[in-house]
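Turn these sequences into a full structure, and let the hints steer you where they fit.
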Amino acid sequence: MPPDPDQKLDIDEKLLARLKSADHEAYAEVYRRFNRPLYTVAFRICQSEQEALDVLQETFVQAFVRIEQFRGDSFWGWIRRITVNQCLSRLRQIKRKSLTLVDPDDWAGHTSDGGAQIDLNEAFARLPAETRAVVWLYDVEGYSHQEIADAFGKSLSFSKTQLSRAHQKLRDWLDKPEDDGPCPQMITAS
Amino acid sequence: MSSNDHSQLSKQLKTLPELAPGRDLLPDIIAETERRRAPSPFRRWLPMGLAAAALLSLGVILMLSTTVDQQRQEIDSWIAYSQELETQLRQVEKPSAIVRGHQALAIGELEDRVAWVDSALAARPAPEQQIMLWQVRAGLLNDLVNVHAANELLPRELKRRPVMTMNQPVPRARLAGYEL
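Chains A and B, in that order, are what the protein sequence lines are.
All residue numbers for the first sequence refer to numbering that gives the first Met the number 0, where the first residue is 0 and numbers rise by one.
All residue numbers for the second sequence refer to numbering that gives the first Met the number 0, where the first residue is 0 and numbers rise by one.
Take the hints with a grain of salt, since some may be wrong.
[Claimed, not checked] List time: in silico DSBU-like cross-link candidates among lysine-lysine, alpha-carbon distance up to 35 Å:
no. : chain 1 : residue 1 : chain 2 : residue 2
1   : B       : K13       : A       : K94
2   : A       : K153      : A       : K94
3   : A       : K159      : B       : K10
4   : B       : K13       : A       : K19
5   : B       : K13       : A       : K13
6   : A       : K94       : B       : K10
7   : B       : K13       : A       : K159
8   : A       : K153      : B       : K13
9   : A       : K153      : B       : K10
10  : A       : K94       : A       : K13
[Claimed, not checked] Just a sample of chain B residues kept apart from chain A, beta carbon distances all over 10 Å, derived:
no. : residue
11  : L15
12  : A19
13  : G21
14  : A53
15  : T66
16  : R71
17  : Q129
[What the hints assert, rightly or not] Output of the computed footprint for chain B on chain A, the stretches with three or more beta carbons under 8 Å from beta carbons of chain B:
no. : region
18  : 39-51
19  : 66-80
Calculated directly from the structure, the hints in this document are not laboratory data.
Beta carbons are placed, not taken as given, at the ideal position from N, Cα and C, and that holds for glycine.
Structure representation (structure tokens):
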């Protein structure tokens, strides 16, 4: 389970100072502490192991290189934002490459696996990439609609609409043993 | 769908397991971090590059100013030589003296050419063209002096005197562009 922000998943001043002095042991310590929660965020949004690994590596490299720019109270919030931005950047790249990101209004054409009931993990993975990111950021990471809208560079209503429709669709898939409704073509970034 | 359903779904999503990367990325991360933190060759050599560029600029400025000075000196020397020749021509003893026909023609033609060069100089051409024009002018004046000397119109002390005293003869190749 991703860390709760209240769990003080953070670093102290000493570790921060060591990071700023490019201490490799400090790098290792931060990596050990944050690699799993950050990888989880990356994988949940990208739904691709390779993409998530790339995002994770780039996140730590950027964090270590730009550590002098860290000014906030929460290292976890800062480094997670790097991860989220990396993920969204990759989603945009995929979109530009014309891989179809299905609009929630047009989730037609998908059939479930033999009508078997699917679990939350699978249902979540079926959501379109952008929608998936909205759901994860709002429901799990605790982002506000405004923060999501800012991260995507879109309006507040974009975040609300995506979330509402995604919840409805997830509930439909989870409640019904057979998938009688359309669902999105899953995007697997690879 | 009620807000209670939303909340329930959110709780369920939070129960999804935490995931771990399939391999240890730390060595790659440290290597890449070090690579990006290291000053790039550009940044390392930037101060020296700037210094070299400044020196080069200074050199070019000095060279240009030196070139300009040299050109100015050369023009001045040709002007001085022209003035010297004109002084000699003014000392022609008898302007009304009878000269032979072909000599009169030569004198007239040379004087026409000097006038043409003067008009070209009046247009204030570039320094290198000025040098060439002043050389041509000096050469023409020198020819005029020689013609007068041959006709014995000059004072005795100037006759047979080698009047072309400049070290540099008029370069014919540089005259090619001018229809004299």
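Verification of the hints:
1. B:K13 with A:K94: holds (27 Å)
2. A:K153 with A:K94: Judged against 35 Å, a Cα distance of about 15 Å means the pair holds.
3. A:K159 with B:K10: holds (18 Å)
4. B:K13 with A:K19: holds (33 Å)
5. B:K13 with A:K13: holds (31 Å)
6. A:K94 with B:K10: With Cα atoms ~30 Å apart, A:K94 and B:K10 stay inside 35 Å; holds.
7. B:K13 with A:K159: With Cα atoms ~19 Å apart, B:K13 and A:K159 stay inside 35 Å; holds.
8. A:K153 with B:K13: With a Cα-Cα distance of about 25 Å, the restraint between A:K153 and B:K13 holds, given a limit of 35 Å.
9. A:K153 with B:K10: holds (26 Å)
10. A:K94 with A:K13: violated (42 Å)
11. L15: Contrary to the label, B:L15 does not stay out of reach of chain A, its closest Cβ about 6 Å off (not over 10 Å).
12. A19: Contrary to the label, B:A19 does not stay out of reach of chain A, its closest Cβ about 5 Å off (not over 10 Å).
13. G21: At about 6 Å from chain A, B:G21 fails to clear the 10 Å cut-off, so the statement is violated.
14. A53: Label holds. Min Cβ-Cβ 31 Å, cutoff 10 Å.
15. T66: Its Cβ never comes within 10 Å of chain A, the nearest being 50 Å, so this holds.
16. R71: holds (57 Å)
17. Q129: holds (61 Å)
18. 39-51: With 5 residues closer than 8 Å to chain B, the region 39-51 of chain A meets the three-residue bar; holds.
19. 66-80: Since 0 is below three, the answer is violated.
Checked against the numbered hints listed earlier, the structure breaks hints 10, 11, 12, 13, 19; every other hint is satisfied.
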